[in-house]
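Dock chain Y against chain X, hints included.
So you can see what is in the structure, the chains are spelled out below.
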Amino acid sequence: MSRELRRVSIIVLAMFAALFLSTSIIQVGQSDNLRSDPRNTRTILASFSAERGDIIVGGEPIASSTPVDDDYQFLRQYANGPLYAPATGYSIINGEPRGVEGALNRELAGTADSTFLARLNQIITGQRPKGASVTLTLDANLQQVAWDALGDKTGAVVALNPKTGQILAMVSKPSYDPNQLASHDRQQALAAYDALVADPTKPLQNRAIAGDLYAPGSTFKLITTATALESGDYTPDSEFPNPGSLTLTGTSTTITNSEGGSCGGGATASIATALRLSCNIPFAQLGGELGAKKIQAQAEKFGFGDDEIDIPQHVTPSQYPLYTDAAKVEQSAFGQADDRVTPLQMAMVSAGIANGGIVMKPNLVQEITAPDLSPLQEFTATEYGRAISEQTATTMTQMMINGVNSGAASNARISGVQVAGKTGTAQNGVGDPYTLWFTGFAPADDPQIAVAVVVANGGGLGQNGFGNTLAAPIAKKVMEAVVKR
Amino acid sequence: MSASTSSAAGPSLATGPGRISDFTSSIRIRLREPARLRNIELPLLLFAIGLSIGAMALVQLGAQGQFDEGMLALPAALGGLALVGHIILRVTAPNADPFLLPIATVLNGIGIAEISRLDIAEHRLGWDALGVKQVVFSAIAMVLAFIVLAAFRNVRVLSRYRYIAMFVGIALLLLPMAFKPINGAQVWVTIAGINFQPGELAKIALAIFFAGYLVTARDSLSIIGRKLGPLQFPRARDLGPILIVWVVAMGVLVVQRDLGTSLLYFGLFLVMIYVATARLSWVVLGMTLFIGGALIASQTLGYVNGRFVTWLDAFSNEQYRADRGSFQVVQGLFGLADGGLIGTGLGQGRPDIVPIAESDFIIPSLGEELGLIGLFAILGLYLLMVSRGLRIGHLGDDDFGRLLGVGLSFVIALQTFIVVGGVTRVIPLTGLTTPFLAAGGSSLVANWIIVALLLRLSDGIRPARFPGGLQ
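So the protein lines, in turn, are chains X and Y.
Count the first sequence with our numbering and you get residues 13 to 497, in order.
Count the second sequence with our numbering and you get residues 917 to 1387, in order.
Same shape as in the complex, but just chain X (with noise of 0.2 Å):
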């Protein structure tokens, strides 16, 4: 029986072994995976009920957790909600939060590793745990410039500074009150939630980042341009014929200028002068000599196609298709065919320009500290990667100052101060409104601010408005409110 029954103590010692592993496994090893699962109730209820830390603007919290006599303990209020959703997100009562709100959700509630030794500190001092808190990059005043300047259009506004990366604004209209959404009471904080998604006009997206992606029009000339100047093979001096229209290769759509009529006049017109004037068909000569593989190659390392730029919110990948259509990769060199983009992917074209050359990670986020005012975490400048050569960055800089000097860009002009910037007017199919952009920088010479204005559904002109008319003034405004400082 001896050795029968050691070998029973062994089976059961495996049992036992089993279930210390499963254990183990569940609440060490897979224990942050099971948290962060959307399902969790637990993490869900926690980081709602939780004295949750503040979100800062300038010094001010725009975000914050005040004391309620209720089940929840916390109720979650912000301080000028519509203004800075885009940025803050919202928290709500069984649902996943969004936004910074959700990006840091475990920062902002304290379950995060990195609060870990702030929280024991907190249950060893006997002090009720609080999350910590996040700055944003955010620069309050131009934020509500853009704010301002973008009126009661749909659509965003995009500021960057180029050097090092940093979001100075995000605007996104029309926008949402996240104080709604935070309500304790569950029915009312639902009713508010199934409003703003059955809304139309999509308040609860944010279109900086996210969302439907626009049409980039003619701002894509810009990624065009550097793909020829990257090449070696051409210069802004590249000429190409000047026809006042333009049958597409192996279909019988013709496409013209803009503004009707040849470019600039002459029988060529350069590279420089249809990006001044911002004309169709050089472009398309210019796309279909370059081809899709080249053009999306320049694209990508601007970033698009990145899945993986978070800011920390995810940023939708704005996309350039490997066209395999002559026509489609000839549209598509002036921003129509499928090009779709973020107008923070704009501004980060402008943005690299800019920087001669040099795309810089975008960021929200400055700083994360703990309830004590310790850092947790700084955020530092980090490139993105090279995007064009600091050569390419110079010449695209001239050509971008000429065009708002002398070009299409004129109602970006700022006096005193040298403008770079594109603008864009992109179709979306037979009588739908225009999508109006611009893009750029100032001062040109040494860049502070880089931007990126997007107006959906025409600014309300249907097919009448133009970036320049609609989009380019409202770049001025938050350029300005940098460089005149």
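Derived by calculation from the structure, the hints in this document are not laboratory data.
Since the structure is predicted, the reported quantities are computational estimates derived from the model, not experimental observations.
Keep in mind that a hint or two might mislead.
Unchecked claim - A few chain X residues that don't get close to chain Y, going by computed Cβ distances all over 12 Å: (1) 161; (2) 166; (3) 206; (4) 213; (5) 263; (6) 308; (7) 379; (8) 391.
Said to hold, decoys possible - Restraint ranges, calculated between C-beta atoms of paired labels, are given here: (9) 29(X) - 963(Y): 25 to 35 Å; (10) 1231(Y) - 40(X): 14 to 24 Å; (11) 1087(Y) - 29(X): 30 to 40 Å.
Claimed, not checked - If you only want the chain Y side, here are some residues facing chain X, beta carbon under 10 Å, derived: (12) 1231; (13) 1246; (14) 1252; (15) 1254; (16) 1255; (17) 1266; (18) 1291; (19) 1298; (20) 1315; (21) 1319; (22) 1330; (23) 1337.
The C-beta atom is built at its ideal place from N, Cα and C for all residues, glycine as well.
Frame of chain X, contents of chain Y only:
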């Protein structure tokens, strides 16, 4: 007689008077030994009672932020009864194992604290509070266990009643079929509004029957019929018993829809027949039969198949949202993950999110609030309890008692494995209760009686078998 006794006694008598004092002092130690074991038990028991009261106090503070002294009466009552048990042991079983009573007490006490914690979360008060009921059940269970302890001074007599035990066991197993199922499992008997799971008691009756039967039948069961490779299979005419047990186990699975109970009884039988006959072929044969039967059941019975799919695919949204799907398991896992290494602290987690957390999911509830450290401690207590029981099998000198000790210990181990393995996804989830911890009277009565039997069996181990007193 063990070698150590003869070597100690022999030479001392043969030599001069100087050695005689050695000999008499060794006798004195022998005489003191019984009290020594109880003296080891007493501080352990006081510690167990202290832990139980402390756990209840922490639950009160953690879950409602204030101290309700009245609630401390619950673990105190448990502790009082455990001390009564200690005194009964001193009188009737002074040589009994000193670890079993403290372990059962602390597990029971922690269970009461956690159940009370869930009462607070679910706003169950007074006699609706499951914690209060659990103390009443514990009291009944302990009193019954003490009666068993005092009444059966010699467990060997039980072997005479092995066939009565068999009928009682099978009757208890089949009884629930006459009653309505509760929560989908037909394992309940309802008499005068009180629900009872007779299957829990059946495991004791069956362990007695298996032990009694196998001790008498093992010679014929050990006869080799056919050799197949390294395995020596029994004769066809000896296959009757295993087939009967298999049919009963399959009946429990198919009719009562209770995979856990089915697995528990069959596993118990296999281990006992293996230990009795030393033939691995019985285990191979039995496992083949059981796995084959379970596979056919899983193909043909939606209930069994569902349990498997829910187990393997627990995290899919489909299973998570399905009726009787993986919601409970996955929420239990979330709770465990939330507890992490050190736990949220008693009363400070959200174990009430898991449906019926106080019975099948008491382990995730405790894991959430006590952390991995707490679960390791609880599992360690079970392991220690089981090893003390298996020790009877090693050291006992009566084969019936040895087999019964092994069977009863193994049933605790297997039940713990099936329940904890089920909630941690080692195996599919089945409906069994966690011994001593989970809310439920039947389980407490059965497990306390098992402890009483193990205590009685361990008392029967002659001190000479372990000269150091403790091994």
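These are the hints, each one checked on the structure:
1. 161: 44 Å, holds
2. 166: 34 Å, holds
3. 206: 20 Å, holds
4. 213: 30 Å, holds
5. 263: 45 Å, holds
6. 308: Non-interface label stands for residue 308(X): nearest chain Y Cβ at 35 Å, farther than 12 Å.
7. 379: 27 Å, holds
8. 391: 28 Å, holds
9. 29(X) - 963(Y): 25 to 35 Å: Roughly 27 Å apart at Cβ, these two residues keep to the hinted range, so it holds.
10. 1231(Y) - 40(X): 14 to 24 Å: Given a distance of about 18 Å, which is inside 14 to 24 Å, the answer is holds.
11. 1087(Y) - 29(X): 30 to 40 Å: With a Cβ separation near 37 Å, residue 1087(Y) and residue 29(X) satisfy 30 to 40 Å, so the hint holds.
12. 1231: Result: holds, 8 Å to nearest chain X Cβ.
13. 1246: 7 Å, holds
14. 1252: 5 Å, holds
15. 1254: At 5 Å from the nearest chain X Cβ, residue 1254(Y) passes the 10 Å test, so the hint holds.
16. 1255: 6 Å, holds
17. 1266: Holds. Min distance 5 Å.
18. 1291: 5 Å, holds
19. 1298: 7 Å, holds
20. 1315: With Cβ-Cβ at 8 Å, under 10 Å, it holds.
21. 1319: 8 Å, holds
22. 1330: Cβ of residue 1330(Y) sits 7 Å from chain X, so the hint holds.
23. 1337: Result: holds, 6 Å to nearest chain X Cβ.
Checked against the numbered hints listed earlier, the structure breaks none of them; every hint is satisfied.
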